[in-house]
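Asker: Line by line, the protein sequences give chains A and B.
Numbering follows the working numbering, in which position 98 of the first sequence is assigned residue number 346; successive positions increment by one, without gaps.
Numbering follows the working numbering, in which position 201 of the second sequence is assigned residue number 225; successive positions increment by one, without gaps.
Hints are computed from structural coordinates only; laboratory data are not their basis.
Glycine included, C-beta positions come from ideal geometry on N, C-alpha and C.
Among these hints, one or two may not hold up.
Pair ranges (Cβ atoms, derived) [as the list claims (entries may be wrong)]:
hint, chain 1, residue 1, chain 2, residue 2, range
1, B, D64, A, E293, 21 to 31 Å
2, A, E293, B, K359, 22 to 32 Å
3, A, N323, B, S145, 18 to 28 Å
4, B, R304, A, E293, 18 to 28 Å
5, B, R259, A, N323, 41 to 51 Å
6, A, E293, B, Q100, 52 to 62 Å
7, A, E293, B, E536, 56 to 66 Å
8, B, R60, A, N323, 33 to 43 Å
9, B, L270, A, N323, 42 to 52 Å
10, B, Q100, A, N323, 46 to 56 Å
11, B, L270, A, E293, 30 to 40 Å
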Amino acid sequence: MTKRVLVVDDAIFMRNMIKDIFASGGFEVVGEASNGVEAVEKHKELRPDLTTMDIVMPFKSGIDATREIIKQDENAVVIMCSALGQESLVMEAIEAGASDFIVKPFRAEDVLAVVRKVLGDN
Amino acid sequence: MNVDVSKYLDLFVSEATEHLEALGADLVKLEKDPSRDAIDSTFRHAHSVKGMAASMGFERTAALAHRLEDLVYLIQRDSSLLTRELVDLMLSAADALLAQVRAAGDKQPIAGHPALEAELSERLSSLNSARSQLNPSTPLGAGSPAELPTPQRKKRPPSLPASGSPASVRFAIKIQIAPSCQQPGARAFVALKRLSKLGDVLELKPSMEELRTSRIPDGTVSLELQTASDEAAVRAALGNVAEVALTSFSALQNARPEPKPSPLPRPPASNGSDNARTVRIRTELLDYFLDTVGELILATSQIREIGKRFSGPAQPHLEESVDRLHGLVKDLHDKVMSARMMPLSTVTDRLPRAVRDIARRREREVELVVSGAEVELDRTILDNLSEPILHILRNCIDHGIESPQERGAVGKNATGRVAISVRRERDRVALEIEDNGRGMDPQKLRLSAVAKGAITAEAAERMSDKEALMLCCLPGVSTAKDVSDISGRGVGMDAVKRALEEVGGSLQIHSERGVGTRFTLLLPLTVSVVNLMLVGVGGEVVGFPVAKVLSALEVDSSEISKNGDGSLLPHSKGLLPVHQLSELLGFPMTQPRSARPYLVMEGDRGKVALAVDRLLGQEEAVLKTLTRPLDLVPGLSGVTILGTGRPVFILDVPRLLST
Numbered sequence: 249m250t251k252r253v254l255v256v257d258d259a260i261f262m263r264n265m266i267k268d269i270f271a272s273g274g275f276e277v278v279g280e281a282s283n284g285v286e287a288v289e290k291h292k293e294l295r296p297d298l299t300t301m302d303i304v305m306p307f308k309s310g311i312d313a314t315r316e317i318i319k320q321d322e323n324a325v326v327i328m329c330s331a332l333g334q335e336s337l338v339m340e341a342i343e344a345g346a347s348d349f350i351v352k353p354f355r356a357e358d359v360l361a362v363v364r365k366v367l368g369d370n
Numbered sequence: 025m026n027v028d029v030s031k032y033l034d035l036f037v038s039e040a041t042e043h044l045e046a047l048g049a050d051l052v053k054l055e056k057d058p059s060r061d062a063i064d065s066t067f068r069h070a071h072s073v074k075g076m077a078a079s080m081g082f083e084r085t086a087a088l089a090h091r092l093e094d095l096v097y098l099i100q101r102d103s104s105l106l107t108r109e110l111v112d113l114m115l116s117a118a119d120a121l122l123a124q125v126r127a128a129g130d131k132q133p134i135a136g137h138p139a140l141e142a143e144l145s146e147r148l149s150s151l152n153s154a155r156s157q158l159n160p161s162t163p164l165g166a167g168s169p170a171e172l173p174t175p176q177r178k179k180r181p182p183s184l185p186a187s188g189s190p191a192s193v194r195f196a197i198k199i200q201i202a203p204s205c206q207q208p209g210a211r212a213f214v215a216l217k218r219l220s221k222l223g224d225v226l227e228l229k230p231s232m233e234e235l236r237t238s239r240i241p242d243g244t245v246s247l248e249l250q251t252a253s254d255e256a257a258v259r260a261a262l263g264n265v266a267e268v269a270l271t272s273f274s275a276l277q278n279a280r281p282e283p284k285p286s287p288l289p290r291p292p293a294s295n296g297s298d299n300a301r302t303v304r305i306r307t308e309l310l311d312y313f314l315d316t317v318g319e320l321i322l323a324t325s326q327i328r329e330i331g332k333r334f335s336g337p338a339q340p341h342l343e344e345s346v347d348r349l350h351g352l353v354k355d356l357h358d359k360v361m362s363a364r365m366m367p368l369s370t371v372t373d374r375l376p377r378a379v380r381d382i383a384r385r386r387e388r389e390v391e392l393v394v395s396g397a398e399v400e401l402d403r404t405i406l407d408n409l410s411e412p413i414l415h416i417l418r419n420c421i422d423h424g425i426e427s428p429q430e431r432g433a434v435g436k437n438a439t440g441r442v443a444i445s446v447r448r449e450r451d452r453v454a455l456e457i458e459d460n461g462r463g464m465d466p467q468k469l470r471l472s473a474v475a476k477g478a479i480t481a482e483a484a485e486r487m488s489d490k491e492a493l494m495l496c497c498l499p500g501v502s503t504a505k506d507v508s509d510i511s512g513r514g515v516g517m518d519a520v521k522r523a524l525e526e527v528g529g530s531l532q533i534h535s536e537r538g539v540g541t542r543f544t545l546l547l548p549l550t551v552s553v554v555n556l557m558l559v560g561v562g563g564e565v566v567g568f569p570v571a572k573v574l575s576a577l578e579v580d581s582s583e584i585s586k587n588g589d590g591s592l593l594p595h596s597k598g599l600l601p602v603h604q605l606s607e608l609l610g611f612p613m614t615q616p617r618s619a620r621p622y623l624v625m626e627g628d629r630g631k632v633a634l635a636v637d638r639l640l641g642q643e644e645a646v647l648k649t650l651t652r653p654l655d656l657v658p659g660l661s662g663v664t665i666l667g668t669g670r671p672v673f674i675l676d677v678p679r680l681l682s683t
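The whole structure should be built from the sequences, with the hints applied where relevant.
Answerer: Spelled out as structure tokens, the structure:
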């Protein structure tokens with residue numbers, strides 16, 4: 249069955265790019281959120297197989313959102329979107345319950361490799 | 025497969041531009057009040073631009089944004105580092121980034137800024153070393169935020185060790201992190217997390233602290249795992265981690281394990297916010313909607329006109345249907361108009377930065393206060409407003425606000441104040457820009473205007489002070505003592521007045537010497553529907569916005585007096601110069617008649633009377649902007665099509681008179 253993805257990023261630009269990568273990999277992007285608060289709500293509503301989560305966002309950071317998502321669904325799979333200089337934040341996110349991470353700038357094949365491995369695990 | 029990024033270029037340019045503009049505004053805010061929110065928001069903007077630029081492959085931009093982000097990061101840690109000079113530097117970086125983004129948008133090569141980059145690096149390392157001297161225990165890597173709150177840890181209760189299970193085994197494990205991995209520390213974290221789900225991780229090398237700082241010699245991590253799971257489960261767990269290879273795996277003698285600290289999530293912080301559900305629409309699409317709905321209104325009026333010529337039993341039904349259609353179209357039009365409304369903050373948010381720059385260049389201390397920026401206007405008006413507002417602000421600072429010394433000498437606060445306030449007045453918006461500077465001198469303006477030959481000495485004499493202040497809007501008239509590179513000399517205020525009139529607005533000036541000046545911009549909420557006064561001239565029909573017509577009257581020719589080269593029409597207590605509209609438009613002169621209608625209108629140099637052939641009444645019309653080459657014809661401000669299908673030009677009297 250096609251895996252359902254929620255894409256969380258405050259930049260439309262990044263969301264579009266991530267959506268295209270998932271589409272090219274045969275995933276279905278079922279929702280988008282532009283901040284941590286929306287991410288928690290959308291996750292509750294959509295129960296996606298996978299959520300990509302930006303770290304630095306307004307209102308609520310990706311790390312706090314991940315923590316809440318894991319609290320509301322301990323099997324939730326959250327992939328952090330990291331960037332240069334954010335490694336320690338990624339570690340914090342993993343401690344908060346994130347399953348894995350991808351690093352900007354995204355290469356479609358790397359993103360899909362990480363995601364497929366993570367989903368194979370779950 | 026690599027992502028083809030070219031299709032994201034437009035979005036990148038628009039979103040990065042937004043972030044950079046907001047970043048500039050935040051920096052100016054920060055300088056005044058380094059609040060946590062402002063610093064965090066500044067950081068997010070720099071960070072977003074970095075991420076987007078890197079994704080587009082614009083490495084120079086990403087690197088510059090990264091340096092800026094690092095600087096903001098330091099300020100996040102210690103806001104006392106923030107100085108005016110540092111804000112200057114960061115603003116320059118924001119400007120350079122904006123220029124790069126624009127270049128990218130124009131598909132031009134992206135210029136580097138080596139001097140700026142060097143300065144940023146230098147500032148980063150000096151701030152870093154200053155900080156580490158103060159807090160030797162927490163030095164910061166220039167490139168990476170490494171200081172993190174240590175997550176709360178809870179020791180596993182000794183009575184419940186995983187090893188307590190009789191089937192527990194211990195494995196010695198070595199994993200290799202791929203050399204291509206960009207964040208090996210985080211990668212190791214992922215692997216350890218998977219393993220810790222199966223049991224206790226022990227004998228970790230490098231240590232947890234070393235992993236946190238990504239110090240992993242040769243990319244090799246070794247550990248022991250005390251687990252109740254079998255080998256296959258351990259291999260499977262690691263097999264599902266990207267960029268990690270299991271290089272060594274062996275079962276050890278069972279031994280009593282140390283209780284492993286297990287990272288526990290902190291309680292989630294609740295931080296609610298309302299987020300209106302919105303989508304982005306290209307502005308061209310909004311323009312298209314407006315145009316099309318305007319055409320719909322016209323088409324409906326045309327059907328109504330045609331329907332009037334029908335007679336018969338179907339006629340009432342047709343009329344009823346047309347009424348219904350008209351109602352629907354009108355409703356749609358209102359909705360389209362409301363979708364085009366944007367808050368004035370889209371213009372005013374950029375002003376603190378501009379004020380700061382102008383004030384610094386002119387060595388003035390200026391505080392800008394903006395209120396009412398949430399008031400909404402049509403975006404066409406907003407687009408036309410940013411230049412005029414900026415120009416008035418420059419004038420306020422250049423010519424209004426005195427130097428701190430001068431202010432001190434007259435007992436004023438050394439810091440001048442410019443206040444922008446916006447309020448809605450029924451169907452108009454009043455925007456006031458007020459300074460507490462030296463005020464304008466109407467007498468000087470009169471003398472200057474006469475000296476420039478713009479008005480006669482008699483006309484100057486007759487003018488009230490209020491009228492005299494408006495002389496600054498005549499080209500070339502200015503009382504400024506020196507020519508400033510920023511606001512120029514008198515060139516701008518006429519352009520300001522023009523720009524306001526183009527969107528149906530007007531300008532008023534109040535000034536008191538020694539106290540200050542207030543510019544009031546009266547603006548319509550929307551531009552596209554205008555109430556027109558239609559007049560006939562030489563067999564043609566032309567329109568004037570009703571808002572511009574002061575009065576319409578019919579006057580007998582015997583009441584018109586002559587003076588040398590022109591005619592004068594008596595109006596209230598004075599005489600108004602008369603202009604023949606047919607002559608201004610180059611139409612053949614009409615036969616003189618005993619009585620004819622006149623429109624009294626505001627020209628650049630006071631009121632004028634326009635002689636027309638017929639007054640045809642008022643009509644609400646959808647204004648369409650002129651396209652090339654018609655927009656180049658002076659005196660034409662737009663065109664509309666009447667219900668009868670007849671196109672009508674809308675005239676701009678001040679421009680008509682000046683040609």
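Asker: Hint by hint, which ones does the structure fall short of?
Answerer: When the structure is compared with the hints, numbers 3, 5, 6, 9 and 10 turn out to be violated.
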